[in-house]
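Colleague: Single-letter residue listing:
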Amino acid sequence: MLMIGIDVGGTNTDAALLSEDKHVLATAKVPTNHQDPLTSTHTVLEKILADVSNNQPVQLHLSTTLSTNAIIEGKGEPTAVIAIPGPGINLANYGFDFPVYTVQGYIDHRGRLVRDVDKEEVLAAAKKAKVNGAQSLAVVSKFSPRNSQLETGVRDIILESGPEFHQITLGHKLSGSLNFPRRIMSAYLNTRVASQQIEFVKMLKAVIASYPNITDVRILKADGGTMTLDDSCVKPIETILSGPAASLNAALALSQYTQDNVVVVDIGGTTTDIAVVVGGKALYQRGGAVIGNYHTLVPALLTCSIGLGGDSEIHFINNQIEIGPKRAGMAICCGGEQLTPTDAAVALELTRLGDRSRAIAALEQIAYKFSLTWKELAQLIINAFTQQLSQAIDCLYHKLKQVPVYTVSEILAPPDIRPRVMVGLGGPAPVFIPLTAKRLGLPWEILPEHESANGIGAAAACSTVAITLHVDTEQELMVIPELGYKEQLCQKMLIDQPWVRKTAVEKLTAYASQIGLNDCGDVQIVEEEAFNIVRGFNTTGRIFNIRAQIRPGVYRVAGDSNC
Amino acid sequence: MTAQNKVGLIFFPAFDWCITPDHPEREERLLYTRDQILEEGLFDIPGIEEYRPFVAEDQYIQRAHICVPSVVQRVTEPHRIAVGGCILAADLVLNHHVDRAFALLRPPGHHAFRIVHGTRGFCTVNNEAIMAEHIRHRLGPHVRIAFVDTDAHHGDGTQDIFYNDPNILHISLHQDGRTLYPGTGFITERGGPAAYGQTINIPLPPGTGDAGILYAVEHLVLPILEEWQPDYIINSAGQDNHYSDPLTNMKFSARGYARLTEMLNPDIVVLEGGYSIEGALPYVNVGLILALAGLDYSHLQEPDWDQQRLQQSPMVDQIVIQTVDQVKKLWETRRQVDKRKLFGNEPFFTRQRTIYYDTDEIMETQLEQIRLCEHCSGWRLIYSTAIRSYGHSTKIAAVIVPWLACEQCRSAADECYQRLTDGKEKNHLHQVFYQDSERDMFLSEQLR
Numbered sequence: 036m037l038m039i040g041i042d043v044g045g046t047n048t049d050a051a052l053l054s055e056d057k058h059v060l061a062t063a064k065v066p067t068n069h070q071d072p073l074t075s076t077h078t079v080l081e082k083i084l085a086d087v088s089n090n091q092p093v094q095l096h097l098s099t100t101l102s103t104n105a106i107i108e109g110k111g112e113p114t115a116v117i118a119i120p121g122p123g124i125n126l127a128n129y130g131f132d133f134p135v136y137t138v139q140g141y142i143d144h145r146g147r148l149v150r151d152v153d154k155e156e157v158l159a160a161a162k163k164a165k166v167n168g169a170q171s172l173a174v175v176s177k178f179s180p181r182n183s184q185l186e187t188g189v190r191d192i193i194l195e196s197g198p199e200f201h202q203i204t205l206g207h208k209l210s211g212s213l214n215f216p217r218r219i220m221s222a223y224l225n226t227r228v229a230s231q232q233i234e235f236v237k238m239l240k241a242v243i244a245s246y247p248n249i250t251d252v253r254i255l256k257a258d259g260g261t262m263t264l265d266d267s268c269v270k271p272i273e274t275i276l277s278g279p280a281a282s283l284n285a286a287l288a289l290s291q292y293t294q295d296n297v298v299v300v301d302i303g304g305t306t307t308d309i310a311v312v313v314g315g316k317a318l319y320q321r322g323g324a325v326i327g328n329y330h331t332l333v334p335a336l337l338t339c340s341i342g343l344g345g346d347s348e349i350h351f352i353n354n355q356i357e358i359g360p361k362r363a364g365m366a367i368c369c370g371g372e373q374l375t376p377t378d379a380a381v382a383l384e385l386t387r388l389g390d391r392s393r394a395i396a397a398l399e400q401i402a403y404k405f406s407l408t409w410k411e412l413a414q415l416i417i418n419a420f421t422q423q424l425s426q427a428i429d430c431l432y433h434k435l436k437q438v439p440v441y442t443v444s445e446i447l448a449p450p451d452i453r454p455r456v457m458v459g460l461g462g463p464a465p466v467f468i469p470l471t472a473k474r475l476g477l478p479w480e481i482l483p484e485h486e487s488a489n490g491i492g493a494a495a496a497c498s499t500v501a502i503t504l505h506v507d508t509e510q511e512l513m514v515i516p517e518l519g520y521k522e523q524l525c526q527k528m529l530i531d532q533p534w535v536r537k538t539a540v541e542k543l544t545a546y547a548s549q550i551g552l553n554d555c556g557d558v559q560i561v562e563e564e565a566f567n568i569v570r571g572f573n574t575t576g577r578i579f580n581i582r583a584q585i586r587p588g589v590y591r592v593a594g595d596s597n598c
Numbered sequence: 481m482t483a484q485n486k487v488g489l490i491f492f493p494a495f496d497w498c499i500t501p502d503h504p505e506r507e508e509r510l511l512y513t514r515d516q517i518l519e520e521g522l523f524d525i526p527g528i529e530e531y532r533p534f535v536a537e538d539q540y541i542q543r544a545h546i547c548v549p550s551v552v553q554r555v556t557e558p559h560r561i562a563v564g565g566c567i568l569a570a571d572l573v574l575n576h577h578v579d580r581a582f583a584l585l586r587p588p589g590h591h592a593f594r595i596v597h598g599t600r601g602f603c604t605v606n607n608e609a610i611m612a613e614h615i616r617h618r619l620g621p622h623v624r625i626a627f628v629d630t631d632a633h634h635g636d637g638t639q640d641i642f643y644n645d646p647n648i649l650h651i652s653l654h655q656d657g658r659t660l661y662p663g664t665g666f667i668t669e670r671g672g673p674a675a676y677g678q679t680i681n682i683p684l685p686p687g688t689g690d691a692g693i694l695y696a697v698e699h700l701v702l703p704i705l706e707e708w709q710p711d712y713i714i715n716s717a718g719q720d721n722h723y724s725d726p727l728t729n730m731k732f733s734a735r736g737y738a739r740l741t742e743m744l745n746p747d748i749v750v751l752e753g754g755y756s757i758e759g760a761l762p763y764v765n766v767g768l769i770l771a772l773a774g775l776d777y778s779h780l781q782e783p784d785w786d787q788q789r790l791q792q793s794p795m796v797d798q799i800v801i802q803t804v805d806q807v808k809k810l811w812e813t814r815r816q817v818d819k820r821k822l823f824g825n826e827p828f829f830t831r832q833r834t835i836y837y838d839t840d841e842i843m844e845t846q847l848e849q850i851r852l853c854e855h856c857s858g859w860r861l862i863y864s865t866a867i868r869s870y871g872h873s874t875k876i877a878a879v880i881v882p883w884l885a886c887e888q889c890r891s892a893a894d895e896c897y898q899r900l901t902d903g904k905e906k907n908h909l910h911q912v913f914y915q916d917s918e919r920d921m922f923l924s925e926q927l928r
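Sequence order for the protein chains is A and B.
Under our numbering, the residue at position 430 of the first sequence is numbered 465, and the numbers go up by one with no gaps.
Under our numbering, the residue at position 13 of the second sequence is numbered 493, and the numbers go up by one with no gaps.
One or more of the hints may lead you astray.
Below are the EDC-like pairs computed for lysine to aspartate or glutamate, each with C-alpha atoms no more than 20 Å apart in a straight line [said to hold, decoys possible]:
(1) A/Lys434 <-> B/Glu529
(2) A/Lys436 <-> B/Asp571
(3) A/Lys434 <-> B/Asp571
(4) A/Lys434 <-> B/Asp524
(5) A/Lys436 <-> B/Glu529
(6) B/Lys819 <-> B/Glu841
(7) A/Lys436 <-> B/Glu530
(8) A/Lys434 <-> B/Glu530
(9) A/Lys542 <-> A/Glu511
For the chain B half of the interface with chain A, some residues (derived, Cβ under 7 Å), not all of them [unchecked claim]:
(10) Cys498
(11) Ile499
(12) Asp502
(13) Glu507
(14) Tyr512
(15) Asp515
(16) Glu519
(17) Gly521
(18) Asp524
(19) Glu707
(20) Gly759
(21) Pro762
(22) Leu780
(23) Gln781
(24) Asp840
(25) Ile842
These aren't lab readings, by the way, just hints derived from the structure by calculation.
Yeah, the Cβ is synthetic: ideal placement off N, Cα and C, and Gly gets one too.
I would like the entire structure built from these sequences, with the hints used as guidance.
Modeller: This is how it looks when you write it as structure tokens:
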């Protein structure tokens, strides 16, 4: 099947067409229409499909900034949260910037109900939310991944006798991870952007209907994987930050290092993004994505962004050169007004761009003050750039090495994340990557600058989905919060780790096919723990926590593209 | 929400380590605590930072312990990680990276004595004692450190290690030793000749609740600390005064623990015991972290909290008030005591005692001689015989040079070590040790 990837970016909308054997057949680019991104999507799709015959089936992957922008710009549907915190941290101190109505109710850490919600109190809160302008609701209780009954209870009460809302998101459906404040924020944001996503998908489906050979449409997520259109209406929050994910996907798809530990460095004009790949898989952000001031539970790829780029400001402080973090504007050689690292590179003929003599003249002006030649100054600027970059990389890896772990074995034999190679992309990469890699003692690879790298990254993405299985044999209970699934277990003595693993894989496979992901890769157990529950001196049960995932990956895209 | 105080949290639940699978000190112990901390989102609060411990080398441990026959033989990797976590906690505070640090980790340590033949009271090496020695190594011999042990069991190990150390104050609040392991911690245990009065025990009657414990802290612990002016306060934060603890009989609550922490305002907190792993630890630890960070803990409450049931009896009120009065008087009159009467007129003060290792079933007999020196706290010689349950016995001697030792004591200690190791003396010793923590000199000689 052919693959089309479309990335709706801040400036341009990129598209790439991949052949069955993953060669780039065509790329296209149009300016993004911010008022109506669907129009530019349609245009670019039209362009790229021009060469495809009508009977060739195509799968379309779309990376949108719809939800990301709505969140950052504070748009979306007026939404309130009904929170059921029970005892603990005082929720009022979180200072959420959206309305949160607290009702009583208490689930403990084992998922046991300590106190039920009060119907009248819930109705009063819902009415208050409605009166104060909320069109949609998020309902979140503490420990709902262990027991969702308070969240579903509140929803049922409101559906039965409360005011009407467009959407009601339940916290446990979004993630099986524990973190009540993040669950509140995720559920809130999800609800806020849901109507917009539903509307978008409706219109998108109408557009797609006129292309009979597009058999399937997937939406790109923050973890670099894809989800179905219908799923994106239920969990639109997962579509945030898919642009950076598309870019990292592209690097992974185009690099010749597919199984190694790689540091991916994307050098732009204003910023440089660093990502970490271990054994061919990109690392995730611990805890979940952060967007604006919101900490969410959305699984996202880890990228560290620093204010260092080809067009950064250059500061001279105490005979030291510091670059960034702000952008100076266009390089002088290209008609700008402030000296930039690009000018230094052009002057030294490390790259060819604009008018070299203007760059040299600008360097001479400053070099004179420090009794240097322009060449010496240019070299110092290049050195400062690569030093700052290599420091940032070192710092990121140092931090990752310090990420807390909770077992003796992980302390004694930590996984080896050290990079073996540096993969660079972006305009200034050919100048700075070899020098930075040399500082760090790494071999390097520079990916050819691709007109529509993000389009390739979107096209090369695979489907992903994950579930969290929690089994508590003392309570004879199994729950999968993301599926809203709860089962009373019998024959608890027969339940062991292999059984739980097998069940997790089965449940996830069944779920994946239910939501239309029939083509996805292997299910993997990505997190796993098992504990005996001992009371007195008897083992009374076992607790298993397992996270099963269809791991995101990318199709390797052949480098010898002919476009 | 931002922490008022920057808190460094060294959380290490050691999910793959246990003493034995059904022992209270097992893998599961901090599982529910982890869940509660994660669910409350504590790690996302700006100002609360999580750190990863390291594996501590022998040197740190040798400053506080004499491990028989060696550190390697006694101390496993999990213990070294717990020690490393405590060293890191101290460094974070000393380097001003954080205002407070909390080593929320296991295995615990406060029942480990200076001489280590094995494990007692679930402890092998004393995390906070090792940490205190590390602080001294970084800041110099005059730094003053106060321990406040709020575990329900007497902090007998830490008391033992520093019992003759003039720059250390050790306060232990605990359930009365007549009713609970290790059966010590009476108000008459007041420290060695060079640090008399600086070992302070506050035994509380079974059934003491928030009112009693907070009364003792307010009317006794805080005034003593105020007077003694430590540079650092270390809280050995056992959580087994909690009303739900299966091994003790107290009535303390999670909010009570938080309030205690707020009042005490310790620089470093180290988890000790506490085996109500579901009903207490998740709530007590959240309370401790919030209190350390200066955040509101007033909404914290255990699922089965019941004010009426947790009310302490009038009888308990009375005993607590009496004990506090008594200990206060002892503290105030500590300098008026005639030490010659207590420790004798001989060149050496001698004491003999037995120490029982419940976890490893070892009976140890110690004969200890402390030089009564006018210039320093005096060198020490300890003969220790350990008999294991299966009959095997080990006899060792340890020569200990104190911090800030005078020249005479130092050379006397050196001579003693020479004499014991040169083989001329028929002393039936298996091994002789030499410990000079200030100079990081640790020697040992196998004789048999």
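Colleague: Which hints from the list above does the structure break, by number from lowest to highest?
Modeller: Structure breaks hints 6, 10, 11, 19, 20, 24 and 25.
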